[in-house]
Amino acid sequence: MRQPPLDRFVRLVSWGSTLLLLASVATVIGFLLIKGYSSLSLKLVFGDTPPMEALLLRRPVFGGLFPAMVGTFSLVVLAITLAVPLGLAAGIYMAEYGRGRIQRALGLFFDILAGVPSIVVGLFGFSVAVFLHRHFGGRIYPCLLISALSLAFLVLPYLIRTTQNALEALPEAVRLTAPALGATRLQNICFVLLPRALPGILSGVILAIGRCAEDTAVIMLTGVVATAGLPRSLFSSYEALPFYIYYISSQYRDPEELATGYAAALILLAICAMLFAAAALIQQRLGARLHQRL
Amino acid sequence: MKMGLWFKAAAVVVMMGLAALPASADPLAAFNGQKGEIRISGGTAHIPVMEEAAKQIRTANPDVQISIAGGGSGVGIKQAGEGLVDIGNSGRKPTDEEVAKYGLKVFRWALDGVGAVVHPDNPVQSLSKDQLKQVYAGAIDNWKVLGGQDKAINLYTRDEASGTRDVFWKRALDKGDIHAKANVVPSNGAMKTAVANDPYAIGYVSVGHIDVTVAPVALDGVVPTNETVKSGAYPVSRGLYSLTKGEPGRLAKAFIDYLFSSTGQQIIVDKGFIPGN
Amino acid sequence: MDGERIAQKVFLLAAVLSASVTVLLLVFMVILGLPLFQGGLFLRILTHPWLPGRQLFGVWPMIVGTLAIASLAMAVAFPLSLGVSSLIAVVAPGRIAHLVKSAVAFMTGIPTVVYGFVGVFLLVPLVRETFARGSGLCVLTAGLVLGILVAPTMILFFSDALARVPGSHRVAAEALGATPAQVLVYVLIPGAWRGIVTGLVLSTGRAVGDTLIALMLAGNAAQVPGGLLDSARALTAHIALVIASDFDSLEFKTIFACGILLYAFTAAATIAVRRLGRKGEPVR
Numbered sequence: 001m002r003q004p005p006l007d008r009f010v011r012l013v014s015w016g017s018t019l020l021l022l023a024s025v026a027t028v029i030g031f032l033l034i035k036g037y038s039s040l041s042l043k044l045v046f047g048d049t050p051p052m053e054a055l056l057l058r059r060p061v062f063g064g065l066f067p068a069m070v071g072t073f074s075l076v077v078l079a080i081t082l083a084v085p086l087g088l089a090a091g092i093y094m095a096e097y098g099r100g101r102i103q104r105a106l107g108l109f110f111d112i113l114a115g116v117p118s119i120v121v122g123l124f125g126f127s128v129a130v131f132l133h134r135h136f137g138g139r140i141y142p143c144l145l146i147s148a149l150s151l152a153f154l155v156l157p158y159l160i161r162t163t164q165n166a167l168e169a170l171p172e173a174v175r176l177t178a179p180a181l182g183a184t185r186l187q188n189i190c191f192v193l194l195p196r197a198l199p200g201i202l203s204g205v206i207l208a209i210g211r212c213a214e215d216t217a218v219i220m221l222t223g224v225v226a227t228a229g230l231p232r233s234l235f236s237s238y239e240a241l242p243f244y245i246y247y248i249s250s251q252y253r254d255p256e257e258l259a260t261g262y263a264a265a266l267i268l269l270a271i272c273a274m275l276f277a278a279a280a281l282i283q284q285r286l287g288a289r290l291h292q293r294l
Numbered sequence: 001m002k003m004g005l006w007f008k009a010a011a012v013v014v015m016m017g018l019a020a021l022p023a024s025a026d027p028l029a030a031f032n033g034q035k036g037e038i039r040i041s042g043g044t045a046h047i048p049v050m051e052e053a054a055k056q057i058r059t060a061n062p063d064v065q066i067s068i069a070g071g072g073s074g075v076g077i078k079q080a081g082e083g084l085v086d087i088g089n090s091g092r093k094p095t096d097e098e099v100a101k102y103g104l105k106v107f108r109w110a111l112d113g114v115g116a117v118v119h120p121d122n123p124v125q126s127l128s129k130d131q132l133k134q135v136y137a138g139a140i141d142n143w144k145v146l147g148g149q150d151k152a153i154n155l156y157t158r159d160e161a162s163g164t165r166d167v168f169w170k171r172a173l174d175k176g177d178i179h180a181k182a183n184v185v186p187s188n189g190a191m192k193t194a195v196a197n198d199p200y201a202i203g204y205v206s207v208g209h210i211d212v213t214v215a216p217v218a219l220d221g222v223v224p225t226n227e228t229v230k231s232g233a234y235p236v237s238r239g240l241y242s243l244t245k246g247e248p249g250r251l252a253k254a255f256i257d258y259l260f261s262s263t264g265q266q267i268i269v270d271k272g273f274i275p276g277n
Numbered sequence: 001m002d003g004e005r006i007a008q009k010v011f012l013l014a015a016v017l018s019a020s021v022t023v024l025l026l027v028f029m030v031i032l033g034l035p036l037f038q039g040g041l042f043l044r045i046l047t048h049p050w051l052p053g054r055q056l057f058g059v060w061p062m063i064v065g066t067l068a069i070a071s072l073a074m075a076v077a078f079p080l081s082l083g084v085s086s087l088i089a090v091v092a093p094g095r096i097a098h099l100v101k102s103a104v105a106f107m108t109g110i111p112t113v114v115y116g117f118v119g120v121f122l123l124v125p126l127v128r129e130t131f132a133r134g135s136g137l138c139v140l141t142a143g144l145v146l147g148i149l150v151a152p153t154m155i156l157f158f159s160d161a162l163a164r165v166p167g168s169h170r171v172a173a174e175a176l177g178a179t180p181a182q183v184l185v186y187v188l189i190p191g192a193w194r195g196i197v198t199g200l201v202l203s204t205g206r207a208v209g210d211t212l213i214a215l216m217l218a219g220n221a222a223q224v225p226g227g228l229l230d231s232a233r234a235l236t237a238h239i240a241l242v243i244a245s246d247f248d249s250l251e252f253k254t255i256f257a258c259g260i261l262l263y264a265f266t267a268a269a270t271i272a273v274r275r276l277g278r279k280g281e282p283v284r
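Protein chains in written order, with our numbering: chain A, 1 to 294; chain B, 1 to 277; chain C, 1 to 284.
The hints are simulated quantities; they were obtained by calculation from the structure and are not laboratory data.
Glycine residues also receive a C-beta, built at the ideal position from the N, C-alpha and C atoms.
Don't take each hint at face value.
Where chain B lies over chain C, by a calculated footprint (3+ residues, C-beta under 8 Å) [unchecked claim]: (1) 8–20; (2) 41–54; (3) 93–100.
Partial list, computed: chain A residues near chain B (C-beta under 7 Å) [as the list claims (entries may be wrong)]: (4) P60; (5) F73; (6) S74; (7) Y158; (8) T184; (9) N188; (10) V225; (11) A228; (12) G229; (13) R232; (14) S250; (15) Q251.
Model the full assembly from the supplied sequences, consistent with the hints where possible.
Written out as structure tokens, the structure reads:
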């Protein structure tokens, strides 16, 4: 039986676009794998420094990705540490306490913040650094802390919304049991609702980590540099993987340096893929568990 | 105790370095026992020298962190002046106003030129000043007019913070127009990479950065090289400067002294510049 | 009950603090760009060309550049996303749809800088050689990559919207003998239009606000692009390029004009989407 023209057209377009999209992403990943895989090596990460010496921070690494990896790691840990408590608390407010107008207004602010381009958040961080520098004795510079703070602002609305959604998605039965047994509202939140919503919140946190690890626009305005070695303190400049990739793409000096760029891109991609897989796994477990209970 | 061991190792390295040196005092000695951070930003022509110096200093004393950012000369001058960095680099002489406004102290440690460059496969490797000006103004927009292939000329320039742009614009283009269609790249390194990858490009870089990946363009018959810059035959030359706000702090001073030591001067030569002030 | 009250206050404080960041962002930009708002200067900056040699620091070319790159990206991403989400919704439901959806969700996690990096070394030379004009750093290259970058988010929006159309509508259409394509075109897409518009608007905000792709692939020439193969500079890239110049000059102040403009655009998009959502089903 011949299909009607409309059906053929829809099939053609939808299969065509799907294959096109998958093919372009396969090209991106394949290109990186082919060009980058052969150059992946310990030397690439640690340069000429023995890996153990570098890992124990006994000797600096030159011409390797190690400082950039440590920089990105510190940045992510710091940003998440700053953002999670605030985001969680605000999310709890939105789901459990906020009502009516105030809640709607707060929601509007979070949605606007979620849409603000990261370069604008970076510009904010930069302005804050310059402001603090001028008014507080010149001891604050664009640095790790300023970058982490800006990144925290970037992922904050996201954390608030995932927390709120995870709490609001809990079945009414779960919500009412503990209060019926005499638990206070706070006890209900801490001992019943939050633990049950934890998988949802956790996968949100993991995706926020990915966002912090990959963002380049914020950090390039707030303290990342091409060469810094390991950050000494919260107030140091630092290196980071995504900025390194950007930097190498425009100013590699020789094929070896370009190869480190490919490898760095591959490593960053792998990190983000792993984070994504972790978040997906948690969400899947969550789905399965909810089905069991319902 | 591990640190103690490391210091011994460092001492050995330092001593080996010392033995290799003809000069008297060890320039790295000033960093002994020091801790802290030296922040450097600004001129992008300076970066290879800065990185090598940082590597040698940090190999001897890992407790000193040295961060190096680009941005261009305008950034170096401003950030040093605002106290956002310890050393600001500039590929142009800071104006008297800038020096007075911020109380800058100026250290000139190398002579450099700014040369037009094209892709090595481009047959057009010599231009008159007038031709160069017309190319950048957009009046000549095809390589055919200059004896090359029938291909549009892809202009590359730098952002407004660039000292390299400033010098090139004043001395090579006589403050003539740079057409707005020109692609803008953020550093000398990026300019070299961009021109090396684009067969129909023309750009301009620090002479110290010119290598086999790009071809220098002779200006009125004079090829930009260290020799022609040094002799004065190639007119588009400039100093490479490091600036501090007032007297440099202890670490910044040690760093600048290191640039002026014999080891530092060797680094400057190795990276393609003409040392001295 | 005291602990209860304190806890409630703390949660409220966290929410208010977080919301205040949204306001602070704008306030800081306005204060630092303050001289911009005197004597019609802001308007002049928005409408003038960028000619530093003649002391003209207008961002009009960047506004056009942003619009050109973002429109192209949307022109690529919209049909692509509609196609892929149709596949998920009706053409190949089941395992294939699940697989495609997982792949799309994964794509949202690919770092932007990775797209940019591959764009520089794969697409730029390709565009340069194919069209034999220009350097390959142009509106076309940036728009294509940006389109691929925003498509996955758009697809997730679209498939959610299509999936939320009540099953009864679908069943009714099928009972009347509608083919899958007819169900899609006459039932699902009209029923999901709010969600589709929402996805479109928010993705446009994303495309307008992206920095790296334009910065790495569009060439950054401060001119009004005359065609797809011309080099162009986006507002975001302008901020990244000029951030470093001197702090007091008018030139530097223009980046706050760009920042305010980007903020205003994305905020307006968000508000529009919320109004749209409130009229129909809740957006989220």
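Hint check:
For a cut-off of 8 Å, the count of residues in the region 8–20 of chain C with a CB near a CB of chain B stands at 0, and the three-residue condition is violated. A count of 5 residues in the region 41–54 of chain C with a Cβ less than 8 Å from any Cβ of chain B is obtained; the coverage claim is therefore met, three being the minimum. Check result for the region 93–100 of chain C against chain B: violated, 0 residues qualifying (beta carbon to beta carbon below 8 Å, three or more required). Taken as an interface hint, P60(A) checks out: its beta carbon lies about 5 Å from the nearest beta carbon of chain B, inside 7 Å.
Interface hint at F73(A): violated, since its Cβ lies 17 Å from the closest Cβ of chain B, which is beyond the 7 Å cut-off. Here the hint on S74(A) is broken, as its CB sits about 14 Å from the closest CB of chain B, past 7 Å. Nearest Cβ of chain B to the Cβ of Y158(A): about 29 Å, over the 7 Å cut. The hint is violated. Hint on T184(A) is violated. Least Cβ distance to chain B is approximately 50 Å, over the 7 Å limit.
Because the closest C-beta pair between N188(A) and chain B is about 49 Å apart, greater than 7 Å, the hint is violated. Evaluation of the V225(A) hint against chain B yields a held restraint, the C-beta minimum of about 4 Å falling below 7 Å. Look at A228(A): its Cβ gets to within about 4 Å of chain B, closer than 7 Å, so that hint holds up. For G229(A), the interface hint holds, since its Cβ comes within 7 Å of a Cβ in chain B; the closest pair sits about 5 Å apart.
Hint status for R232(A) relative to chain B: holds, with the closest Cβ pair at about 5 Å, below 7 Å. The interface hint given for S250(A) holds, since its Cβ lies 4 Å from the closest Cβ of chain B, which is under the 7 Å cut-off. A hinted interface residue such as Q251(A) counts as satisfied when its beta carbon comes closer than 7 Å to some beta carbon of chain B; here the least separation is about 3 Å, so the hint holds.
Going through the hint list in order, the structure does not satisfy hints 1, 3, 5, 6, 7, 8 and 9.
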